[in-house]
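Residues in the sequence shown are numbered consecutively from 74, following the numbering used here.
Just to be clear, a hint being listed does not mean it is correct.
The calculated EDC-like cross-link candidates involving lysine to aspartate or glutamate, where the alpha carbons are at most 20 angstroms apart (straight line), are [what the hints assert, rightly or not]:
#1 K134 / E124
#2 K139 / E128
#3 K132 / D142
#4 K118 / E128
#5 K118 / D130
#6 K132 / D121
Hints are computed from structural coordinates only; laboratory data are not their basis.
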Amino acid sequence: MRVVGLAAMTALMGLAALAAVPARAQMGGGADGPHVNLLADTPSKTPDQIEAEQERDRKYKDSLRKIPDAKTSNDPWGAVRSDAPKAAAPAKAASKAKPKAKVEAKTGANPN
Numbered sequence: 074m075r076v077v078g079l080a081a082m083t084a085l086m087g088l089a090a091l092a093a094v095p096a097r098a099q100m101g102g103g104a105d106g107p108h109v110n111l112l113a114d115t116p117s118k119t120p121d122q123i124e125a126e127q128e129r130d131r132k133y134k135d136s137l138r139k140i141p142d143a144k145t146s147n148d149p150w151g152a153v154r155s156d157a158p159k160a161a162a163p164a165k166a167a168s169k170a171k172p173k174a175k176v177e178a179k180t181g182a183n184p185n
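The whole structure should be built from the sequences, with the hints applied where relevant.
As structure tokens, this is what we get:
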């Protein structure tokens, strides 16, 4: 029985080791990590290209300054809404409130 348990444990350890092999292969195979080129693939810009880009940025910023500030609301539902809710009136003290007069309900029938 112990031999079967030892064989099963050895097989599990072997499977765990095999499962780790593909992950290590993806890391470049060495202790120094993956081999990735971090440099740009495109050549650097020439001074003329840099100057042209700066001029383009300057013109863009100038065009943004020429846009007038919006004075009107940009609320698409503004015409649909009713007036803004008004501030609630201060609550009156219950002791100062006048009793309301008793109003009899009209039945619509003429008593005469």
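Hints, one by one, checked against the model:
A distance of roughly 15 angstroms separates the Cα atoms of K134 and E124; the hinted pair therefore holds under the 20 angstroms criterion. A distance of roughly 17 angstroms separates the Cα atoms of K139 and E128; the hinted pair therefore holds under the 20 angstroms criterion. Between the alpha carbons of K132 and D142 the distance comes to roughly 19 angstroms, so the proposed pair stays at or under 20 angstroms and holds. The straight-line distance between the Cα atoms of K118 and E128 is roughly 15 angstroms, inside the 20 angstroms bound, and the hint therefore holds.
For the hint pairing K118 with D130, the CA-to-CA distance comes to about 16 angstroms; that is within 20 angstroms, so the pair holds. Only pairs whose Cα atoms come within 20 angstroms are accepted, and K132 paired with D121 is accepted, the gap being roughly 17 angstroms.
Consistency note: the structure conflicts with none of the earlier hints.
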